[in-house]
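Participant: The lines below spell out each chain.
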Amino acid sequence: DTGVSQDPRHKITKRGQNVTFRCDPISEHNRLYWYRQTLGQGPEFLTYFQNEAQLEKSRLLSDRFSAERPKGSFSTLEIQRTEQGDSAMYLCASSEGEQPQHFGDGTRLSIL
Amino acid sequence: GESVGLHLPTLSVQEGDNSIINCAYSNSASDYFIWYKQESGKGPQFIIDIRSNMDKRQGQRVTVLLNKTVKHLSLQIAATQPGDSAVYFCADEDTGRRALTFGSGTRLQVQP
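Chains V and X supply the protein sequences, listed in that same order. So the mapping is simple: our numbering equals the position in the first sequence, first residue as 1, plus 5. So the mapping is simple: our numbering equals the position in the second sequence, first residue as 1, plus 21.
If you're looking for bench data, these hints aren't it; they were derived computationally from the structure. Hints may contain errors.
What the hints assert, rightly or not - Only pairs whose alpha carbons sit at most 30 Å apart, straight line, appear in this in silico DSS-like list of lysine-lysine: (1) X:63 with V:62; (2) V:19 with X:63; (3) V:16 with V:76; (4) V:62 with V:76.
Build out the structure end to end from the sequences listed, making use of the hints.
Facilitator: Below you can see the structure in the form of structure tokens.
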């Protein structure tokens, strides 16, 4: 069990650019989640997949955000036309059955 | 919307003492509760969970208490160690949903 892996760990980009993050869940976990965390706050739910199906999306997930999990394994989160307010830690978690969600160490996004 | 909140933003204890971190939740439909520990630069780490059909659950040096009547959750850490210093989050999951709702966290500082 290698844990949830996220790449890159840090991303610095200019406002208006597109960014893509990757998450590799714990092997054989069928559920995968994306959260966003700003400084001093708890994580906020963005979206969740069961296998390849995206089952729930938060209203925080504006039309500039899109997430995919094409083969039911790894997932990508893309942000288009980044804005200053997108600066945050983007966390991925995975789970199986009724087990708790296990988190990766996140991708920290900084918008210049 | 409804949220999970915490009573104290910072808790300072002496090494070897017991720590108690409290959390209030407001969603009466919540049926699953989790405590996470988050160290600087890392993702939330699962500590212990409890379902709404229980009022107490024990792990190694940790105990979670759930009082559904007053919608209160607490995390007790026995013989607190310097390595316990971190931010602790409670989170809840609504019946039928998979999204976790987090509070803003309590920072635990352990004085040697």
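Participant: All hints are to be evaluated individually against the structure, with a verdict given for each.
Facilitator: Each hint, compared with the structure:
1. X:63 with V:62: The given pair, whose Cα atoms are some 24 Å apart, holds under the 30 Å limit.
2. V:19 with X:63: Cα-Cα ~24 Å, so holds.
3. V:16 with V:76: Holds. Residue 16 of chain V to residue 76 of chain V sits at ~25 Å (cutoff 30 Å).
4. V:62 with V:76: holds (19 Å)
Every hint from the earlier list agrees with this structure, and none is contradicted.
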